[in-house]
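Protein chains in written order, with my numbering: chain E, 1 to 242; chain G, 243 to 545.
Hints are computed from structural coordinates only; laboratory data are not their basis.
Please read these numbers as outputs of a predicted model, since none were measured by experiment.
A few of these clues could be false.
[To be verified] 25 Å max Cα-Cα, derived SDA-like pairs, lysine to any residue: (1) E:K2 with G:F295; (2) E:K145 with E:A109; (3) E:K40 with G:G427; (4) E:K226 with G:V454; (5) E:K2 with E:D94; (6) E:K65 with G:G307; (7) G:K520 with G:V244; (8) E:K2 with G:N279; (9) G:K399 with G:G427; (10) E:K12 with E:G70; (11) E:K40 with G:C462; (12) E:K73 with G:A445; (13) G:K270 with E:R206; (14) G:K448 with E:G68; (15) E:K40 with E:G25; (16) E:K16 with E:T169; (17) E:K126 with E:K145; (18) E:K59 with E:E76; (19) G:K520 with E:I5; (20) E:K82 with G:G307; (21) G:K446 with E:V66; (22) E:K2 with G:Y276; (23) G:K448 with E:P186; (24) E:K152 with E:R206; (25) E:K82 with G:E523; (26) G:K270 with G:D514; (27) E:K82 with G:Y276; (28) E:K65 with G:A452; (29) E:K2 with E:K59; (30) G:K446 with E:R206; (31) E:K120 with E:K145; (32) E:K69 with G:A387; (33) E:K226 with G:F295; (34) E:K194 with E:A96.
[To be verified] Covered stretches of chain E, going by a simulated chain G footprint (3 or more residues, C-beta under 8 Å): (35) 205-211; (36) 216-222.
Ideal Cβ placement from N, Cα and C applies to all residues, glycine included.
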Amino acid sequence: MKDIIFEVISNKKIAKNTYECVLAGDISDITASGQFVNIKLDGYYLRRPISVCDAEDGKLTLIYKVVGKGTAKMAEMTGGEKLLVLSGLGNGYDLAKSGDKPLLIGGGAGVPPMYMLCKKLIAEGKKPSVILGFGSADEVFYREKFEALGAKTYVTTVDGSEGVKGFVTDAMDVEYSYFYTCGPEPMLKAVYDKSTTSGQFSFEERMGCGFGACMGCSCKTKYGNKRICKDGPVLVKEEIIW
Amino acid sequence: MVNTKISLCGIEIDNPIIPASGTFGYGKEFNEFYDINILGSFSFKGTTKDPRFGNATPRIAETEGGMLNSVGLQNPGVEKVISEELPALKKFFHKPVMANVSGFAIEDYAYTCEKLDGEEQVGWIEVNISCPNVHGGGMSFGTDAKNAAEVTKAVKKVTTKPIIIKLTPNVTDIAEIAKAVEDAGADGVSLINTLSGMRINMAKRKPLLANVTGGLSGPCTFPVALRCVWQVYNAVKIPIVGMGGVTTAEDVIEMMMAGATAVQVGAANLVDPYACKKIIEELPAAMEKYRIGSLEEIIGGAH
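Given only the sequences and the hints, what does the whole structure look like? Please build it.
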């Protein structure tokens with residue numbers, strides 16, 4: 001964990017209400033996919049926690065959805081801005097248990113962390129399949145990026161305007177050795193119920209600090225109380241209490 | 243050379259900067275960012291007799307110039323604090339720590355304080371009679387002068403270390419409560435705890451916090467805190483630990499001029515983990531700017 005100044009290289013809209021921001025700076029604190037950073041924005045008291053989509057060659061890629069005033073302000077960035085970023089937060093995904101054919105399931109703003117995870121798994125010689133869930137075709141992003149990595153990629157949309165009509169769980173009838181998922185909590189619960197193997201879930205919660213001090217984002221697990229920001233955001237299937 | 247040393251209830255500390263309870267855990271998260279031995283001390287997470295999970299989430303909401311929290315005193319309970327947190331702390335923090343205690347009945351306060359009083363590293367016990375986020379306890383002791391005095395007496399009876407009573411600003415007259423705890427034997431007071439507040443999620447037409455209300459902290463509370471310290475300084479002779487929105491070295495000086503002997507820093511730690519380190523580093527230059535040779539000489543200096 002370090003507080004680092006990053007420079008915005010680009011910040012572009014890639015789907016409805018969805019932006020991809022590439023930053024340059026010291027990424028050495030990001031040691032696992034599924035980690036997040038906490039960004040200081042001028043005029044806002046609390047930082048904005050955003051999951052890491054990719055971190056390579058001194059570049060940090062973040063994908064965020066405009067959901068409030070803070071992210072709306074981020075969407076106005078054009079490049080050249082300097083941002084104070086608390087980097088390398090959270091535990092991230094554990095790749096050791098993936099098996100040969102892991103399944104990666106991302107929903108909406110939960111898609112970005114799947115990208116770095118997918119890249120790492122492929123680098124390890126695994127053969128991941130990916131399910132990306134969205135509301136409709138205008139919200140879809142990164143499909144071609146996952147395909148370019150060489151992952152078998154399925155897209156689902158609730159309205160059926162692209163890919164499989166329905167939810168991510170409607171595309172889960174594939175063979176897999178283990179799974180990793182990130183997305184809205186109802187989706188995580190549906191994945192939990194449908195899944196036939198063990199897996200890892202990344203959770204979201206409103207945070208105060210992002211590094212385990214304030215107890216703002218606590219949750220109960222079968223392994224005791226955990227802080228989503230510090231002991232998570234990734235929890236294993238066996239410990240989750242819904 | 244400026245002198246930042248102050249004496250708080252007979253214990254000399256290197257500087258008056260003390261991270262506030264609830265924003266600093268039991269120290270270890272911040273020790274990953276910097277060596278926390280540069281602090282005057284720190285007040286550890288509010289500890290109760292029994293373990294507590296606290297309130298439902300969301301527990302955090304943003305406001306203009308600050309934040310609301312409704313954590314609700316999540317802590318592992320005093321036994322675990324003594325068996326796990328304090329032995330761990332001893333390895334990386336070599337100064338007296340301020341033990342923050344909360345409770346739901348007078349006997350709870352006495353029990354927890356007596357246990358922590360026996361711990362070598364505990365320098366002071368800060369008794370929180372002002373948490374706005376738990377029902378049936380906390381603030382209900384701090385909003386009534388008689389109840390506040392009773393908690394103070396009960397705690398003083400079973401302890402040997404300095405007792406600092408933490409006061410709520412959510413009262414008509416904070417000076418009256420301060421005077422009552424002083425008369426009951428308190429060695430110091432700390433103020434202010436958070437201000438009761440709320441936000442609404444307009445899209446959902448529901449309160450943002452699961453607990454409906456929460457405690458407001460951050461820079462927006464600084465003038466209220468300063469006013470309370472000022473009023474309490476006029477009412478009592480025991481030392482005051484001032485807090486509420488302190489973010490810079492200049493805020494520390496202003497708080498001390500209002501009457502604070504030491505100053506706690508709360509919400510600032512959450513948005514900048516290096517906040518206290520920066521304040522301590524900036525303090526000498528700020529002192530020189532206002533021609534202050536020794537911090538002790540400015541306590542209450544604006545009166």
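Structure-based check of each hint:
With a CA separation close to 29 Å, the supplied pair E:K2 and G:F295 exceeds the 25 Å bound. For the proposed pair E:K145 and E:A109, the alpha carbon gap of about 16 Å is at most 25 Å, so the pair holds. With a CA separation close to 44 Å, the supplied pair E:K40 and G:G427 exceeds the 25 Å bound. Under the criterion of a C-alpha separation no larger than 25 Å, the hint pairing E:K226 with G:V454 is consistent with the structure, at around 23 Å.
Distance check on the hinted pair: E:K2 and E:D94 sit about 22 Å apart at the alpha-carbon level, within 25 Å; holds. Only pairs whose Cα atoms come within 25 Å are accepted, and E:K65 paired with G:G307 is accepted, the gap being roughly 24 Å. Between the alpha carbons of G:K520 and G:V244 the distance comes to roughly 17 Å, so the proposed pair stays at or under 25 Å and holds. Straight-line distance between C-alpha atoms of E:K2 and G:N279 comes to about 19 Å, which keeps the hinted pair within the 25 Å bound.
Taking the CA atoms of G:K399 and G:G427, the gap is about 10 Å. The hint holds against a cut of 25 Å. At most 25 Å may separate the alpha-carbon atoms for a hinted pair to count; E:K12 and E:G70 meet this at roughly 16 Å. Taking the CA atoms of E:K40 and G:C462, the gap is near 18 Å; set against the 25 Å cutoff, the hint holds. Restraint check for E:K73 and G:A445: the C-alpha separation of about 19 Å stays at or below 25 Å, so the hint holds.
Between G:K270 and E:R206 the alpha-carbon distance is near 22 Å, which keeps this suggested pair within the 25 Å criterion. With a CA separation close to 16 Å, the supplied pair G:K448 and E:G68 stays within the 25 Å bound. The suggested pairing of E:K40 with E:G25 holds, with an alpha-carbon distance near 15 Å, which does not exceed 25 Å. The suggested pairing of E:K16 with E:T169 holds, with an alpha-carbon distance near 23 Å, which does not exceed 25 Å.
With a C-alpha separation of about 17 Å, the suggested pairing of E:K126 with E:K145 holds against the 25 Å cut-off. With a C-alpha separation of about 20 Å, the suggested pair E:K59 and E:E76 falls inside the 25 Å cut-off, and the hint holds. In summary, the hint linking G:K520 to E:I5 is supported, as the alpha carbons are separated by about 16 Å, within the 25 Å threshold. With a C-alpha separation of about 21 Å, the suggested pairing of E:K82 with G:G307 holds against the 25 Å cut-off.
Simply put, G:K446 and E:V66 have alpha-carbon atoms about 17 Å apart, close enough for the 25 Å limit, and the pair holds. Proposed proximity of E:K2 and G:Y276 is supported: the alpha carbons are some 10 Å apart, at most 25 Å. Of the pairs offered as hints, the one joining G:K448 and E:P186 holds, with about 19 Å between alpha carbons and a cut-off of 25 Å not exceeded. The suggested pairing of E:K152 with E:R206 is violated, with an alpha-carbon distance near 33 Å, which exceeds 25 Å.
Among the hinted pairs, E:K82 with G:E523 is consistent with the structure: their alpha-carbon atoms are about 24 Å apart, no more than 25 Å. Under the criterion of a C-alpha separation no larger than 25 Å, the hint pairing G:K270 with G:D514 is consistent with the structure, at around 16 Å. Of the pairs offered as hints, the one joining E:K82 and G:Y276 holds, with about 24 Å between alpha carbons and a cut-off of 25 Å not exceeded. A distance of roughly 24 Å separates the Cα atoms of E:K65 and G:A452; the hinted pair therefore holds under the 25 Å criterion.
Annotation: proposed proximity of E:K2 to E:K59 holds, straight-line Cα distance about 16 Å (limit 25 Å). Under the criterion of a C-alpha separation no larger than 25 Å, the hint pairing G:K446 with E:R206 is consistent with the structure, at around 16 Å. Under the criterion of a C-alpha separation no larger than 25 Å, the hint pairing E:K120 with E:K145 is consistent with the structure, at around 14 Å. As the CA atoms of E:K69 and G:A387 are separated by approximately 42 Å, the hinted pair breaks the 25 Å bound.
Our distance criterion of 25 Å between C-alpha atoms is met by E:K226 and G:F295, whose separation comes to about 10 Å. This hinted pair checks out: E:K194 and E:A96 have alpha carbons roughly 23 Å apart, not beyond 25 Å. With 6 residues having a beta carbon nearer than 8 Å to a beta carbon of chain G, the segment 205-211 of chain E meets the requirement of three or more and the stated coverage holds. Chain G is given as covering the segment 216-222 of chain E, and this holds because 5 residues of the stretch bring a CB closer than 8 Å to a CB of that chain, at least three being needed.
The structure is inconsistent with the numbered hints 1, 3, 24 and 32, although it conforms to all the rest.
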